[in-house]
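Here is what each chain is made of, one letter per residue.
Number of protein chains: 2
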Amino acid sequence: MFSHTLKSSKDFETANATLLTKAGFVDQIMAGVYAYLPLGVKVISKISNIVREEMDKIGTEVYLPALSPLSNWELTGRLNTVDVLMKTSGANEISKRKSTNEYILNCTHEDVITPIVQKFNFTYKSLPTAVYQIQSKYRNEARAKSGLLRGREFIMKDLYSFHTSEESLLDYYFNKAIPAYKKVFERIGIGAETVIAVASGGDFTDKYSHEFQTKCETGEDWIFYDKKLNQYFNKEVTPSKAPYILQDAQMQPMHEVYGEHIVGMKELVEFLKVPAEKCMKTLLFRADGTRIIAAGVRGNYDIDEEKLKKIVKAKKLEMLDEVTLKEVTGAEVGYAGIIGLPENVEIYVDESMENAINFECGANKTNYHNINVNWERDVKKPSKFYDIKIAMSGDLNPETGEVYEVFKASEVGNVFPLNTKFSDAFGYKYMAEDGTEKQVYMGSYGIGISRLMGIVVEKFHDEKGIIWPESIAPYKVHLLGLNLEDEAIKAKAEDIYARLNDLGIEVLYDDRQEVMPGEKFADSDLIGLPYRVVVSRKTADKIEVKKRTEKESKLVDFEEFKEILNVRN
Amino acid sequence: MFSHTLKSSKDFETANATLLTKAGFVDQIMAGVYAYLPLGVKVISKISNIVREEMDKIGTEVYLPALSPLSNWELTGRLNTVDVLMKTSGANEISKRKSTNEYILNCTHEDVITPIVQKFNFTYKSLPTAVYQIQSKYRNEARAKSGLLRGREFIMKDLYSFHTSEESLLDYYFNKAIPAYKKVFERIGIGAETVIAVASGGDFTDKYSHEFQTKCETGEDWIFYDKKLNQYFNKEVTPSKAPYILQDAQMQPMHEVYGEHIVGMKELVEFLKVPAEKCMKTLLFRADGTRIIAAGVRGNYDIDEEKLKKIVKAKKLEMLDEVTLKEVTGAEVGYAGIIGLPENVEIYVDESMENAINFECGANKTNYHNINVNWERDVKKPSKFYDIKIAMSGDLNPETGEVYEVFKASEVGNVFPLNTKFSDAFGYKYMAEDGTEKQVYMGSYGIGISRLMGIVVEKFHDEKGIIWPESIAPYKVHLLGLNLEDEAIKAKAEDIYARLNDLGIEVLYDDRQEVMPGEKFADSDLIGLPYRVVVSRKTADKIEVKKRTEKESKLVDFEEFKEILNVRN
Chain V
1 MFSHTLKSSK DFETANATLL TKAGFVDQIM AGVYAYLPLG VKVISKISNI VREEMDKIGT
61 EVYLPALSPL SNWELTGRLN TVDVLMKTSG ANEISKRKST NEYILNCTHE DVITPIVQKF
121 NFTYKSLPTA VYQIQSKYRN EARAKSGLLR GREFIMKDLY SFHTSEESLL DYYFNKAIPA
181 YKKVFERIGI GAETVIAVAS GGDFTDKYSH EFQTKCETGE DWIFYDKKLN QYFNKEVTPS
241 KAPYILQDAQ MQPMHEVYGE HIVGMKELVE FLKVPAEKCM KTLLFRADGT RIIAAGVRGN
301 YDIDEEKLKK IVKAKKLEML DEVTLKEVTG AEVGYAGIIG LPENVEIYVD ESMENAINFE
361 CGANKTNYHN INVNWERDVK KPSKFYDIKI AMSGDLNPET GEVYEVFKAS EVGNVFPLNT
421 KFSDAFGYKY MAEDGTEKQV YMGSYGIGIS RLMGIVVEKF HDEKGIIWPE SIAPYKVHLL
481 GLNLEDEAIK AKAEDIYARL NDLGIEVLYD DRQEVMPGEK FADSDLIGLP YRVVVSRKTA
541 DKIEVKKRTE KESKLVDFEE FKEILNVRN
Chain G
1 MFSHTLKSSK DFETANATLL TKAGFVDQIM AGVYAYLPLG VKVISKISNI VREEMDKIGT
61 EVYLPALSPL SNWELTGRLN TVDVLMKTSG ANEISKRKST NEYILNCTHE DVITPIVQKF
121 NFTYKSLPTA VYQIQSKYRN EARAKSGLLR GREFIMKDLY SFHTSEESLL DYYFNKAIPA
181 YKKVFERIGI GAETVIAVAS GGDFTDKYSH EFQTKCETGE DWIFYDKKLN QYFNKEVTPS
241 KAPYILQDAQ MQPMHEVYGE HIVGMKELVE FLKVPAEKCM KTLLFRADGT RIIAAGVRGN
301 YDIDEEKLKK IVKAKKLEML DEVTLKEVTG AEVGYAGIIG LPENVEIYVD ESMENAINFE
361 CGANKTNYHN INVNWERDVK KPSKFYDIKI AMSGDLNPET GEVYEVFKAS EVGNVFPLNT
421 KFSDAFGYKY MAEDGTEKQV YMGSYGIGIS RLMGIVVEKF HDEKGIIWPE SIAPYKVHLL
481 GLNLEDEAIK AKAEDIYARL NDLGIEVLYD DRQEVMPGEK FADSDLIGLP YRVVVSRKTA
541 DKIEVKKRTE KESKLVDFEE FKEILNVRN
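So the sequence lines, in the order shown, correspond to chains V and G. Under my numbering, think of the first position of the first sequence as 1, with each following residue one higher. Under my numbering, think of the first position of the second sequence as 1, with each following residue one higher.
Simulated from the structure, these hints should not be mistaken for laboratory data. A couple of the hints might just be wrong.
Any copy, or any two copies together, can satisfy a pair, since identical chains are not distinguished.
In the BS3-like style, the derived pairs of lysine-lysine whose C-alpha atoms are separated by at most 30 Å in a straight line are [as the list claims (entries may be wrong)]:
hint	residue 1	residue 2
1	365	380
2	492	542
3	551	421
4	546	429
5	429	10
6	315	464
7	57	490
8	227	381
9	547	266
10	476	438
11	145	273
12	7	316
13	228	554
14	7	429
15	57	316
16	228	546
17	182	42
18	464	542
19	87	145
20	520	87
21	492	326
22	266	381
23	125	438
24	87	538
25	380	176
26	476	57
27	490	87
28	42	227
Every value quoted in this text rests on a predicted model; they were computed, and no experiment measured them.
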């Protein structure tokens with residue numbers, strides 16, 4: 001093997017980048033772009049094979065190009081909405097063909113596969129159908145510093161399904177795709193710690209999608225679990241009821257407080273000496289270019305723009321710019337409140353404010369805040385309160401009243417009901433049994449293969465290195481030969497190596513003679529194969545076996561070792 | 001399978017594009033960019049596996065990204081010399097990051113792998129080493145109309161080897177890489193018709209490289225075979241001696257002929273009523289920006305600029321522009337000759353002119369040609385004649401005197417001694433045994449996986465469709481069930497299908513009931529699997545077997561069929 005550990009390599013921001021680099025699995029070519037070295041290729045190939053085996057049960061493999069014409073992305077309207085989209089051109093200093101031949105480097109393939117499947121399947125008889133591929137994707141991420149977790153170039157399995165009805169789509173979605181995904185994560189060794197969470201439908205659907213989230217201390221997502229419902233939610237879509245907080249028994253007189261440049265909740269809390277929970281955060285938005293929306297929430301929360309967008313029934317929501325904000329509220333940024341706003345401003349208040357007494361609220365006057373504001377006395381109490389906040393630890397499910405359990409997690413897969421978004425764009429209809437033309441329903445299902453490799457390392461490592469699950473470890477056994485200058489020991493090590501290979505067990509054999517035992521042990525822990533086997537002067541006619549997950553090694557003979565391996569097979 | 005034959009699809013310019021599209025193996029996304037449908041994925045995967053098995057014997061697999069930073073390509077000086085290089089950027093209509101993040105889409109990976117291997121292997125102990133990958137490449141081809149033969153995006157196996165000396169490089173090159181390549185082409189079923197031809201070293205080396213060329217009527221290359229030497233040459237580097245042509249017994253008086261606008265050999269031949277063989281074609285070049293070269297060749301040949309460049313020992317050779325040409329010769333384009341050129345013009349004449357008597361030659365005067373020119377009497381006979389022509393059918397090897405056998409072929413692989421071109425660029429030296437730093441030698445070895453799929457179709461097809469070699473056929477057996485409305489026949493067909501699968505034989509089962517037998521037969525011929533098996537009312541308790549390469553089918557029982565398959569296994 002030409003590559004080896006590089007223990008002195010620099011540390012990256014994430015454990016996966018640091019460990020995979022030091023252990024010689026990958027080499028960073030530039031931010032978000034990695035070369036897979038021999039050990040890395042083996043892991044990618046093992047993950048791919050597991051994914052392929054499970055996907056072959058529910059779809060057919062294809063291989064789509066990374067390049068596509070602009071026209072496909074124009075038709076779906078995504079050319080100008082996907083901000084990570086990369087374009088390529090052959091124009092260069094010596095090419096005479098400047099500005100010609102511009103292509104898209106696909107970041108996903110709905111825009112490519114839909115017209116292909118459309119070409120082949122145009123009657124109800126050939127639907128449903130599903131195709132998948134394992135292939136490289138491109139995203140021009142602004143920040144690509146999470147190792148294999150967020151790449152500019154990454155390997156992905158993407159599956160697309162095509163149906164005659166929403167019912168057929170949901171049947172496939174819940175009864176084929178989701179079980180196949182579960183099987184994949186079980187086989188990779190993260191099944192027990194991976195949950196299915198409700199997530200946003202993104203640009204694709206008004207309804208929810210689902211994410212497979214695996215528990216991980218360094219995960220990017222917060223998952224909220226309702227034990228009563230046995231249901232998981234991604235924070236971004238968690239229905240949230242704020243916990244009750246004790247309110248004053250009596251209303252106090254409302255008055256304005258002058259606080260120069262007191263902008264932002266943290267500054268306000270320090271200045272007023274009241275907790276954020278006693279304040280109201282008010283933000284103003286423009287909806288669909290015309291309507292103006294004021295949204296209020298208990299001061300320790302943030303507004304969830306996706307929730308708000310749905311509640312105000314807007315397609316587009318953007319924060320008011322400073323100039324308009326001043327026109328509307330009369331104040332600079334930081335002093336907005338819900339008292340005395342112009343009549344055309346629609347006010348939406350989060351349920352966390354419903355029972356507030358003596359709360360703070362911006363005065364719509366630069367440098368001023370109102371304190372001891374009370375509903376009805378000082379401002380009309382809204383007839384209805386909403387859930388427009390980003391959920392926080394401690395929140396309850398408004399439906400069940402359960403306090404959520406909250407944990408960090410990393411997304412390892414997602415499934416999207418696309419419905420007719422793409423079939424509409426390409427005019428993909430099918431001939432129904434009654435002879436009429438009907439719209440095709442689609443679903444889209446992703447697993448980031450290279451990302452998954454990174455997440456497994458984030459989950460399974462210790463201070464010494466990686467701890468690979470057996471199913472995707474590059475080799476099962478790390479055979480360390482010590483004292484190899486002794487011909488008898490060398491012969492024994494080579495015999496063990498040959499016998500394991502004969503048994504079909506994959507072995508990485510460290511036969512370096514110039515390297516000290518301590519370094520071999522350190523390398524072995526860093527690389528993280530499931531079984532470490534030592535052959536040395538000390539082991540005599542036995543071999544020393546240690547599992548990467550255990551502390552103690554034991555001396556066994558080859559037959560005993562075979563038993564250990566078989567047990568685990 | 002979601003895809004199927006599309007017999008009414010339009011014809012492309014090449015057989016491989018037409019047949020692979022109609023048979024449902026690929027779908028063109030745009031010129032030079034293809035989606036691989038399920039049948040196509042199977043062929044690509046079989047070719048890849050054969051290549052991988054052979055490459056694993058001589059190297060280690062890696063997987064490099066398609067994206068790389070501009071800096072690598074700047075260092076090697078290729079950023080501005082490779083005219084098919086594609087660049088990408090994340091700039092788009094909605095991205096705020098315009099003009100940032102420009103990357104190269106690699107068309108080959110010397111510029112990426114060299115610094116990686118350099119990082120890991122810095123002493124003589126770890127060399128030689130070799131790595132390979134199977135991965136997608138990008139080339140902005142001006143014309144990409146040859147189906148899978150010349151793609152803008154294509155799948156390639158590229159291998160790179162690293163050595164302590166030229167000797168070690170050549171040992172690997174001839175004794176490891178070339179035999180492994182031979183094995184690959186044998187296993188794919190084109191071994192007997194694939195030869196190793198000497199080819200140009202291109203930009204990489206002054207010496208030759210080698211190409212694996214497979215005989216193919218529609219091939220893009222001409223191969224010249226010297227039977228005595230048992231050596232093959234690509235036309236571009238074939239040493240060439242023109243065949244003898246009968247010359248006049250006596251010199252005729254030289255004179256000028258007026259021929260207005262008679263420019264070009266074809267026009268001249270018609271106008272003068274002399275064969276092209278009696279004319280001399282003269283072209284003027286600028287070498288390395290300063291020297292001016294006149295090159296003359298028998299009129300039916302063309303000048304080989306690569307040969308000329310080597311002979312005049314120039315790094316760069318370009319045709320004289322019209323203005324300079326007129327300054328030098330005094331004439332417009334089309335009337336250049338070697339008589340009366342300024343003294344600073346260096347004259348190089350091809351050996352095909354050495355014995356010419358009474359030949360035509362441009363008069364260096366617009367609209368005028370000299371006829372009956374003779375050496376010494378009219379113009380100084382060069383002291384030396386050269387081989388500066390592109391070889392033609394009928395030519396002899398100047399060394400052996402053998403008349404070449406000439407055939408058309410398609411390149412299926414190439415091997416390049418890169419020597420120190422890339423290690424120089426990256427300053428890749430190794431610590432030699434004597435403690436000194438020495439330059440690393442490299443080799444580069446390519447096989448176009450997707451191209452190979454296209455070439456196999458070009459070679460092996462008839463008017464009915466593709467004829468796959470067994471080793472890379474997507475399935476071995478095409479089972480056609482006819483009269484399937486009859487439950488007994490259906491049960492029998494399904495039984496055959498199950499029994500073949502149990503034997504590990506890959507079967508494509510055509511169980512369509514709505515399709516007429518004639519169409520099933522046509523589809524089967526089009527798809528081109530090695531064995532066609534029919535189960536129908538007519539076949540009773542037997543099955544009808546026909547090889548795709550044979551005309552006659554025969555009725556056999558299952559045991560006999562197993563024998564047929566075993567024989568071929």
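Taking the hints in turn, this is what the structure says about them:
no. : hint       : result
1   : 365 to 380 : within (19 Å within a copy, 100 Å between copies)
2   : 492 to 542 : within (10 Å within a copy, 57 Å between copies)
3   : 551 to 421 : neither (54 Å within a copy, 50 Å between copies)
4   : 546 to 429 : neither (60 Å within a copy, 40 Å between copies)
5   : 429 to 10  : between (54 Å within a copy, 23 Å between copies)
6   : 315 to 464 : neither (50 Å within a copy, 55 Å between copies)
7   : 57 to 490  : between (46 Å within a copy, 23 Å between copies)
8   : 227 to 381 : neither (34 Å within a copy, 100 Å between copies)
9   : 547 to 266 : neither (50 Å within a copy, 80 Å between copies)
10  : 476 to 438 : neither (52 Å within a copy, 38 Å between copies)
11  : 145 to 273 : neither (39 Å within a copy, 74 Å between copies)
12  : 7 to 316   : neither (50 Å within a copy, 47 Å between copies)
13  : 228 to 554 : neither (46 Å within a copy, 68 Å between copies)
14  : 7 to 429   : between (57 Å within a copy, 22 Å between copies)
15  : 57 to 316  : neither (40 Å within a copy, 58 Å between copies)
16  : 228 to 546 : neither (42 Å within a copy, 64 Å between copies)
17  : 182 to 42  : both (22 Å within a copy, 26 Å between copies)
18  : 464 to 542 : within (26 Å within a copy, 65 Å between copies)
19  : 87 to 145  : both (22 Å within a copy, 22 Å between copies)
20  : 520 to 87  : neither (46 Å within a copy, 43 Å between copies)
21  : 492 to 326 : neither (83 Å within a copy, 82 Å between copies)
22  : 266 to 381 : within (26 Å within a copy, 96 Å between copies)
23  : 125 to 438 : within (13 Å within a copy, 68 Å between copies)
24  : 87 to 538  : neither (60 Å within a copy, 58 Å between copies)
25  : 380 to 176 : neither (52 Å within a copy, 86 Å between copies)
26  : 476 to 57  : both (27 Å within a copy, 21 Å between copies)
27  : 490 to 87  : neither (55 Å within a copy, 51 Å between copies)
28  : 42 to 227  : neither (39 Å within a copy, 46 Å between copies)
When the structure is compared with the earlier hints, violations turn up for hints 3, 4, 6, 8, 9, 10, 11, 12, 13, 15, 16, 20, 21, 24, 25, 27 and 28 and for no others.
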